[in-house]
Amino acid sequence: MQQIIQISTDKQNGLYDITNQVELLVFESKIKNGIVNIYSQGATAAIMIQENWDDSVQNDVINLLRKLIPSGVWLHDSQDSNGDAHLKAGIIGPSETVPIVDGKMGLSTWQNIFFCEFDGPRTKRNIVISILSN
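To convert, note that position 6 of the sequence shown is 52 in our numbering; the numbers rise steadily by one, no gaps.
Fair warning: there could be bad hints in the mix.
Claimed, not checked - Distance condition first, Cα-Cα at most 27 Å in a straight line; then the derived DSS-like pairs of lysine-lysine:
1) LYS78 - LYS170
2) LYS76 - LYS113
3) LYS150 - LYS57
4) LYS150 - LYS78
To be verified - Beta-carbon label-pair distances, calculated as ranges:
5) ILE53 - ILE81: 20 to 28 Å
6) HIS122 - GLN157: 27 to 35 Å
7) ILE50 - LYS78: 32 to 40 Å
8) LYS78 - GLN157: 14 to 22 Å
Just so you know, these hints were derived from the structure itself, not from any lab. Backbone N, C-alpha and C fix where the C-beta goes; we use that ideal spot for every residue, glycine too.
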């Protein structure tokens with residue numbers, strides 16, 4: 047089973063929790079054991095598994111990436127002014143894979159799935175969800 051989730055973003059850099067959307071697709075698939083892959087289409091966004099207890103970890107991730115990869119100093123900025131977004135997305139990576147165990151995602155209590163926006167805001171971002179059975 048494969049489906050595309052579309053989201054819009056309202057920040058230049060931000061993490062957006064998509065766990066519930068992915069959980070719903072896993073439930074609808076009726077697959078008991080397998081894997082779900084979450085893949086961000088586009089070169090300036092990524093997927094990350096991280097804690098969502100409060101905003102502090104999300105803010106820490108964004109602040110760390112801003113310090114490590116500042117904007118406005120990259121060769122690509124002369125073309126699109128988003129060189130930092132490409133580098134941030136490349137470091138985090140475009141996808142995550144989560145096991146499906148007894149019909150549910152095998153995430154721990156403290157794990158959520160985040161879409162990472164590094165070149166927003168955007169009205170439409172595509173995330174490909176691929177669910178495979180054992």
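Tell me if the straight-line CA distance from LYS78 to LYS170 falls inside 27 Å. 31 Å, violated
Quick one, are LYS150 and LYS57 close enough, alpha carbons at most 27 Å? Not OK: LYS150 and LYS57 at ~31 Å, beyond 27 Å, violated.
Against the range 14 to 22 Å, how does the distance between the Cβ atoms of LYS78 and GLN157 compare: consistent or not? Holds, since LYS78 and GLN157 (Cβ atoms, about 20 Å apart) stay within the stated range.
For the pair supplied as a hint, LYS76 and LYS113, confirm whether the alpha-carbon distance does not exceed 27 Å. 43 Å, violated
In this structure, is the beta-carbon distance linking HIS122 and GLN157 contained in 27 to 35 Å? Taking Cβ atoms as reference, HIS122 and GLN157 lie about 32 Å apart, which means the hint holds.
Does LYS150 pair with LYS78 here, judged by a C-alpha cut-off of 27 Å? Roughly 7 Å separates the two Cα atoms, so the pair holds.
Is 20 to 28 Å respected by the C-beta to C-beta distance linking ILE53 and ILE81? 22 Å, holds
Could you see if the CB distance from ILE50 to LYS78 stays within 32 to 40 Å? Cβ of ILE50 to Cβ of LYS78: about 24 Å, so the range 32 to 40 Å is violated.
Violated hints, in rising order: 1, 2, 3 and 7; the structure is consistent with all others.
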